[in-house]
Every structure is written in C-alpha cells, then in structure tokens.
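**Q** Sequences and hints are given; from them, build the entire structure.
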Amino acid sequence: MQSNLFTSVLLPLALAIVMLGMGLSLVPEDFKRITRYPKAVAVGSVCQILLLPLIGALITLVVPMQPEIAVGLIVVAICPGGPSSNLITYLAKGDVALSVTLTAVSSIVTVLTIPLFTNLALQYFLGKSAAIALPIGSTMLQIFLITLLPTAIGMAIRQQFPDTARRLEKQMSRLAIGLLALIIILLLIREGSKLPGFLVQVGLGALLLNLLATLAGLLAAKLFRLSLAQQICTAIEVGIQNGTLAIAITAGLLNNPDMAVPAAVYSLLMNITGFGIILYGRQTVGSASMLKS
Numbered sequence: 001m002q003s004n005l006f007t008s009v010l011l012p013l014a015l016a017i018v019m020l021g022m023g024l025s026l027v028p029e030d031f032k033r034i035t036r037y038p039k040a041v042a043v044g045s046v047c048q049i050l051l052l053p054l055i056g057a058l059i060t061l062v063v064p065m066q067p068e069i070a071v072g073l074i075v076v077a078i079c080p081g082g083p084s085s086n087l088i089t090y091l092a093k094g095d096v097a098l099s100v101t102l103t104a105v106s107s108i109v110t111v112l113t114i115p116l117f118t119n120l121a122l123q124y125f126l127g128k129s130a131a132i133a134l135p136i137g138s139t140m141l142q143i144f145l146i147t148l149l150p151t152a153i154g155m156a157i158r159q160q161f162p163d164t165a166r167r168l169e170k171q172m173s174r175l176a177i178g179l180l181a182l183i184i185i186l187l188l189i190r191e192g193s194k195l196p197g198f199l200v201q202v203g204l205g206a207l208l209l210n211l212l213a214t215l216a217g218l219l220a221a222k223l224f225r226l227s228l229a230q231q232i233c234t235a236i237e238v239g240i241q242n243g244t245l246a247i248a249i250t251a252g253l254l255n256n257p258d259m260a261v262p263a264a265v266y267s268l269l270m271n272i273t274g275f276g277i278i279l280y281g282r283q284t285v286g287s288a289s290m291l292k293s
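When we follow our numbering, the leftmost residue of the sequence shown carries the number 1, and every step to the right adds one.
If you are wondering where the hints come from, they were derived from the structure by calculation, not from laboratory data. Computed from a predicted structure; not experimentally measured. Possibly wrong hints are sitting among the right ones.
[As the list claims (entries may be wrong)] With a straight-line Cα cutoff of 30 Å, these simulated BS3-like cross-link-like pairs (lysine-lysine) come out: (1) Lys93 / Lys39; (2) Lys222 / Lys32; (3) Lys170 / Lys32.
[Unchecked claim] Have a look at the derived ranges for each label pair, beta carbon to beta carbon: (4) Ser193 / Phe224: 41 to 49 Å; (5) Leu13 / Gln283: 35 to 43 Å; (6) Leu112 / Pro38: 18 to 26 Å; (7) Val285 / Arg36: 19 to 27 Å; (8) Gly178 / Phe275: 16 to 24 Å; (9) Leu204 / Pro38: 35 to 43 Å; (10) Gln66 / Pro162: 44 to 52 Å; (11) Val46 / Ser193: 37 to 45 Å; (12) Lys32 / Pro196: 48 to 56 Å; (13) Gln283 / Lys39: 24 to 32 Å; (14) Arg225 / Leu145: 37 to 45 Å; (15) Arg174 / Gln123: 40 to 48 Å; (16) Leu13 / Val109: 22 to 30 Å; (17) Leu58 / Lys32: 33 to 41 Å.
Glycine included, every Cβ here is placed at the ideal spot set by N, Cα and C.
**A** If you want it as structure tokens, here you go:
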C-alpha cells in the first residue's frame, strides 16, 4: 500500500470526522472532571498509557510473529482510547463522563508517547532496517491536526451553537461509522492475499491484547475500589483502542501495509468483545440496582 488517496486522504479524513463528532458532544465541564475524579482518572490513565504498552510488548515476545506485525501490534497498544470507547461505555452503563475525560487525557498525552514508543519498537524489532523511523515533530503535528484540532472545533461549535451541534452529532456519528467500516473493508481487500497468512499470528495477538487489556483495566479499577460504573468505564477505556489512528500511523505515516494489518484485525475483534462488555456491564449494573432497591 503506497501513499495514495486511501492512506493520505481517506484515513486522516475519517479520523478527523470521528474526532469532530466526539468534540460536538464535549463541553469544557468534561475536562474539569479531572479534578473531580482524580483517582479514577489517574488509574485509567496509568493503565492506558503505561500498562497497556507493556502488555502489548509482552504479547509480541510470547506470540511468534514477524517483526513488522509486532511493530503494528505495539502501535495499536500505544494509541489512545478511540471514540468507540465512549459509545461502548454508554451502552454498558459505565461512567460516560469519566470515559470522555480519559479519552481526552490519553489523546493529549499520546501525542508525545506515540512517536517515542513507535521508534523504540522499530529499533527493537527491525534494527538497522528501521529507516522508516517516525519523525517526532511532524508526527506530533499530524496527530494534532487529525485528532485534537477536530475535537477542539467540535467543542467550539457545541459551545456557540448547541442545538446545531446536537443535530450534527447524530449525522457525524453515522458518517463516521460508515467511513470506519469502509476503511477496514478496503484495507482487508487490498491486503486480502496476505491476510490468511497473517490471521494466525495477528488474530491471536490482537485478541490477547484486547482481552488482557480489558481485564487489566477492570482489575486495576477493582483494586483501587472505584465505583462499579467507573470499573466498567476503565475496563473499556483500557481495552478499546483507536484502531483507526493505528492504521493511519502504520499505513499512512510509516507507509507499511504489513504493520497496518494488526490494527485492522484488532478493530474487527474489539467490536465483538465490546458487545460482550456491554452485556456484562448492563447485567452487572442492573443487578446492583436491584440489590440497592
């Protein structure tokens, strides 16, 4: 997959639309929740920014996979929580306000950590052949332009035109879902001949990353005695990563289709496991509500 309309235009555009749509649902109060829920935000952020990359690195060392595939899996692990995590948290009856805050915090912090961790992965797995090392300055700028800027624009629209923002939010959400599905389908079609060979490696690695990260988030939240809704939110935020950003980085910035395959497979698997988390959350919160009443 060379640099073309798909990788240089469609991927960034789709991600920008997703982030713009998320921005339409945000207000400044969402960011003030960091001071209101310091422990919950700290637990979720540490798990997502530090623990998750460690889990990803461990999987690449345990599960046999090609170096390019390992780098791609690491990139997935170091990406922030995606907009999908907010929707899944809502459907699972988790703490949506905390979800939005964690997504915002991780999106800001990973502007710095993504280039650094990606370079470490490239150097470790590809050694001297890692001539495609990610330029930190330009990468930070591109991530800012396709993630943080659209979110800020969406928030500004919400602040100035709340009624318009509410109407646009629904339409942008549908459009974003359609674009994300199209991206994954196009990527799988373009790399279809290689996919059967990769699935054995990538399927297991991506599934382990998703399940172990979700479990780690849930256990950490329980360990620090967060509320039930916060536990569900933390599990989802740590377990559901921004697969589209990972595809944009690997297929677009790094221009390596093999590295993009883990993100595509992960994006498919996380929706399946996400459905399971929704069922767990609704049943758990529902049971807790019945006990209280």
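**Q** Work down the list of hints and note, for each, if the structure agrees.
**A** Evaluation of the provided hints:
| no. | hint | result |
| --- | --- | --- |
| 1 | Lys93 / Lys39 | holds, 20 Å |
| 2 | Lys222 / Lys32 | holds, 24 Å |
| 3 | Lys170 / Lys32 | holds, 25 Å |
| 4 | Ser193 / Phe224: 41 to 49 Å | holds, 47 Å |
| 5 | Leu13 / Gln283: 35 to 43 Å | holds, 38 Å |
| 6 | Leu112 / Pro38: 18 to 26 Å | holds, 21 Å |
| 7 | Val285 / Arg36: 19 to 27 Å | holds, 21 Å |
| 8 | Gly178 / Phe275: 16 to 24 Å | holds, 19 Å |
| 9 | Leu204 / Pro38: 35 to 43 Å | holds, 37 Å |
| 10 | Gln66 / Pro162: 44 to 52 Å | holds, 49 Å |
| 11 | Val46 / Ser193: 37 to 45 Å | holds, 41 Å |
| 12 | Lys32 / Pro196: 48 to 56 Å | holds, 49 Å |
| 13 | Gln283 / Lys39: 24 to 32 Å | holds, 26 Å |
| 14 | Arg225 / Leu145: 37 to 45 Å | holds, 40 Å |
| 15 | Arg174 / Gln123: 40 to 48 Å | holds, 41 Å |
| 16 | Leu13 / Val109: 22 to 30 Å | holds, 24 Å |
| 17 | Leu58 / Lys32: 33 to 41 Å | holds, 36 Å |
Taken one by one, the earlier hints all hold for this structure without exception.
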